[in-house]
Amino acid sequence: MSTRREFLTAALAGGAAALAPRRVGAAPKSMTVVHESSFIKGFDDFFVKTLSPEYEKLTGIKVGYETVSVGSMLTRLTTIVETKAGPEIVGTGLNWPHLFDQGLLDVTDVATEIGKKIGPWHDNIFDAVVVNKKWKAIPWGNIGQLECYRTDWFKEVGVNKFPDTWEDLLSAGRLLKKKGHPFGFEIGHGFGDNHGWMYPLLWSYGGREVDKDGKTVLIDSAETAKAVDFCRKFYQETMLEDVLGWTDVSNNKAFFGEQISCTNNAMSILIVAKRDFPEIAKVTDHGLNPQGPKGRFHLYNPQSHAIASHASDPAAAKAFLRWLYDDKQLSRWLVAGDAYYAPYLQGYDNHPMWNADPRYLPFKESLKTSHLHGWPGPAGHALSESNAKYVLVDMFAKACRGDSTKDVIATAAAQLKQIYKAK
Amino acid sequence: MAVRPEPLARSAPVAARRQLSVRGVLEREGAFSWLMLTPGVLFLLAFVAYPFFYGIWLSLQDRPVARSGVFVGLANFVTLAHDAVFWQVTRNTFVYTSVTTVLKLLGGLAMALVINQAFRGRNLVRAFLLLPFIVPTILSVVAWMWIFDPTFSVINWVLVHSGMITSGFSWLGNATLSMVSIIIVNTWRGIPFYGITILAGLQTISPDLYEAAAIDGATVRQRFLHVTLPIIKPILIIVTMFSVIFTFSDFQIVYALTHGGPANATQVFVTYAFDLGMSGGQLGMGAAAALAMLPALAVMIVALTLYMRREP
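Chains as they are written, first to last, in our numbering: chain A, 1 to 423; chain B, 1 to 312.
Pulled out of the complex, with its shape left as it was, chain A reads as follows:
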């Protein structure tokens, strides 16, 4: 039996060995890119199996590819920037370059070069990635949110073309619900499919959350009231009650369960249907968001690459992005993405990837009428806080469950005034 002293000596020795710095070889020439996992498996695979080996062969630098689950990238990005550790090249979405601007490097030079070669860039994208006149991220594509519907069921009620206005969509929805094919638009606390149609609905009736100055809250208006009244009617007369509690997986599941005839979603429903539900894929199509009295709108969801400020070799990271955004690489990668990502470069407006399926084309078309959440307000922290608090979603949701238009708008206005520090 060992004595106390022997035990302690052994324990301390073991601990010291564990804590001692290990001898390591020379730092490998490598860097890591972190992305949200793509719905298009071929997109991620193309990076890992083709792009990364090609770059390593060319430069000797190995580029790792880390993916996080859909909806988790913001959390991952927060930990990377806050701890100043982890992948050097980070994927961003929405307005995140504004949120993390102090943790991201200026990539204006790279973006300008790319714009000259394959551009120019679409004008609307500047709001998302340019912070204080500096590019903080380089976008590669938009994940558009459009109307996804069953052509066979629409035809059954005499609607052969996707309705052009919200009122026409409401009329079609009434008929379809009577036939047992309700609509299913997410009105719950998801991360994308709710805002994907609610902001465009609000904007198309002339409503706005906040003005350009970011200080004047505009939500309390007659235009917002019209949008809220329409939404209540749209929900009550065309949808399932359950949509109030839906998250982003719910409408996909309901569509494949042949439970709903129309929803607002990214192209993922069609892509998954082609792979796993070919019969449903044959009768699935996309339509632009309907227009309201004040026009037609869509929501931007720009996917971009940024360089974290902790990158040990920013020049190497920039060199990689220059190579990645060269037409030879970017073009093939976008094709591997099956047109899921609509590029913001006008040089790609007629890219062959759009010819693969005419049902992809509305996603290209939607770029012209797309804006970031909270538009025309600034794309800063307040916008993110408004989204995180689901101000707009809950305004519509409460109206749908029966609260008065006046009350739900008053609540949203009070929240927005607090968020935007407006008087």
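Rather than coming from a laboratory, the hints here were simulated on the basis of the structure. For clarity, every value in this text was computed on a predicted model and none was experimentally measured. Heads up, the beta-carbon is just placed ideally off N, CA and C, and yes, glycines get one too. Incorrect hints may appear among the rest.
[Claimed, not checked] One side of the interface only, derived from the structure: several residues of chain A facing chain B at Cβ under 7 Å: (1) F43; (2) D44; (3) V81; (4) T83; (5) L99; (6) K133; (7) G188; (8) D242; (9) T247; (10) A388; (11) D394; (12) A397.
[Said to hold, decoys possible] Taking CB as the label site, the calculated pair distances span: (13) A:A315 - B:G24: 57 to 67 Å; (14) A:D276 - B:I147: 19 to 29 Å; (15) B:F152 - A:N132: 43 to 53 Å; (16) B:Q203 - A:S30: 50 to 60 Å; (17) B:I147 - A:S72: 55 to 65 Å; (18) B:M36 - A:K133: 57 to 67 Å; (19) A:S72 - B:I245: 42 to 52 Å; (20) B:G73 - A:K406: 27 to 37 Å; (21) B:P136 - A:G60: 39 to 49 Å; (22) B:P51 - A:A315: 46 to 56 Å; (23) A:E56 - B:P136: 35 to 45 Å; (24) A:G257 - B:G163: 23 to 33 Å; (25) B:F242 - A:S72: 23 to 33 Å; (26) B:L124 - A:D407: 49 to 59 Å.
Using the hints, position chain B against chain A.
Chain B in isolation, oriented as in the chain A frame:
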């Protein structure tokens, strides 16, 4: 031959040398105890105390993500106090915690009393009853998502096919039912924790006490009230205290099942704090929302601890 005993005390210089040596220090009970405690204390300092105090520090700052913070005192708490959603979150958290705690206590007590009886296959039953607690939360929540799905819900199917209702409930789309749903899941998952802990208490009760009570003419109810309950009371208090803490800070069930929806009907402190801090990038405000549950928890823990200390 007489043997001289060893001197009981060494000479003063030798004793002093020993006390100063490493060996001397290790031989001292107090020093050795502290040495053994040190790893645990360091662990608690690094992973409990530091995050806790850092959280308090964050809550006192205007601290957007990726930016340095500015000390604002209690401004975040004042802002929350003027936020209607925060008060809804507070109500939700208290309803969720109090209802599930009562249900888990009653269910766990019943479970423990049943599996404390001798019957064939008792060990197997005990193992199965533990399953909800063993299965990773997120996996069981995915299963519950299907159970509450309007189309595929097995509950709706049974209710409709038994003629009790004509169309299925919207378990997660209706404000009241969504709260009921998360309460059901939390209760289902938490009962085994109560059951097994109370069972451990029940097994410490000597059968002699029950025999004596029975000889005195005590009924089953009287034996439970006057023998079982007083003995397991400390365990009930401890398990309730743990459960309240876990339920107050329950994130996974709510986040995965409803994400606080519909219209914040199931939003609780931790999910709201996560949304503010991570999704909204307002780390200071998020920390303040998370810390808002501290006073209630602290009062409850202190009250229960004092009650236990008062007990003979």
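The hints, checked one at a time:
At a threshold of 7 Å, the smallest CB-CB gap from F43 (chain A) to chain B is about 25 Å, leaving the interface hint violated. Hint status for D44 (chain A) relative to chain B: violated, with the closest Cβ pair at about 23 Å, above 7 Å. Hint status for V81 (chain A): holds, given a least beta-carbon distance of 5 Å to chain B, under 7 Å. Interface hint at T83 (chain A): violated, since its Cβ lies 11 Å from the closest Cβ of chain B, which is beyond the 7 Å cut-off.
A least Cβ separation of about 5 Å between L99 (chain A) and chain B falls short of the 7 Å threshold, and the interface hint therefore holds. The criterion of a C-beta within 7 Å of any C-beta in chain B is not met by K133 (chain A), whose closest approach is roughly 19 Å, and the hint is violated. Using the Cβ-Cβ criterion of 7 Å, the hint placing G188 (chain A) at the interface with chain B is satisfied: the shortest such distance is roughly 4 Å. Evaluation of the D242 (chain A) hint against chain B yields a held restraint, the C-beta minimum of about 4 Å falling below 7 Å.
Proximity of T247 (chain A) to chain B holds as hinted, the smallest CB-CB distance being about 5 Å (cut-off 7 Å). Hint status for A388 (chain A) relative to chain B: holds, with the closest Cβ pair at about 3 Å, below 7 Å. Using the Cβ-Cβ criterion of 7 Å, the hint placing D394 (chain A) at the interface with chain B is satisfied: the shortest such distance is roughly 5 Å. Taking 7 Å as the C-beta cut-off, the interface hint given for A397 (chain A) holds, the closest approach to chain B being about 4 Å.
Distance hint for A315 (chain A) and G24 (chain B): a CB-CB separation of about 59 Å, consistent with the stated range 57 to 67 Å. In this structure, D276 (chain A) and I147 (chain B) meet the distance hint of 19 to 29 Å, their C-beta atoms being roughly 23 Å apart. Here the CB-CB span from F152 (chain B) to N132 (chain A) is close to 50 Å, well matched to the stated 43 to 53 Å. The hinted range of 50 to 60 Å is satisfied by Q203 (chain B) and S30 (chain A), whose Cβ atoms lie roughly 57 Å apart.
Look at I147 (chain B) against S72 (chain A): about 25 Å separates their beta carbons, and that is not inside 55 to 65 Å. Range check, M36 (chain B) to K133 (chain A): about 60 Å between beta-carbon atoms, so the 57 to 67 Å window is met. For the pair S72 (chain A) and I245 (chain B), the supplied restraint of 42 to 52 Å is violated, since their beta-carbon distance comes to about 26 Å. Between G73 (chain B) and K406 (chain A) the beta carbons are some 36 Å apart, a value that agrees with the proposed interval 27 to 37 Å.
For P136 (chain B) and G60 (chain A), the hinted distance range of 39 to 49 Å is satisfied, since their beta carbons lie about 42 Å from each other. For the pair P51 (chain B) and A315 (chain A), the beta carbons lie near 36 Å from each other, so the given range of 46 to 56 Å is not met. Distance hint for E56 (chain A) and P136 (chain B): a CB-CB separation of about 37 Å, consistent with the stated range 35 to 45 Å. In this structure the hint that G257 (chain A) and G163 (chain B) lie 23 to 33 Å apart at CB holds, the actual value being about 24 Å.
The given range of 23 to 33 Å is respected by F242 (chain B) and S72 (chain A), whose C-beta atoms sit roughly 29 Å from each other. For L124 (chain B) and D407 (chain A), the Cβ-Cβ distance of about 55 Å falls inside the hinted range of 49 to 59 Å, so the restraint holds.
The structure fails to meet hints 1, 2, 4, 6, 17, 19, 22 from the earlier list, while all remaining hints are met.
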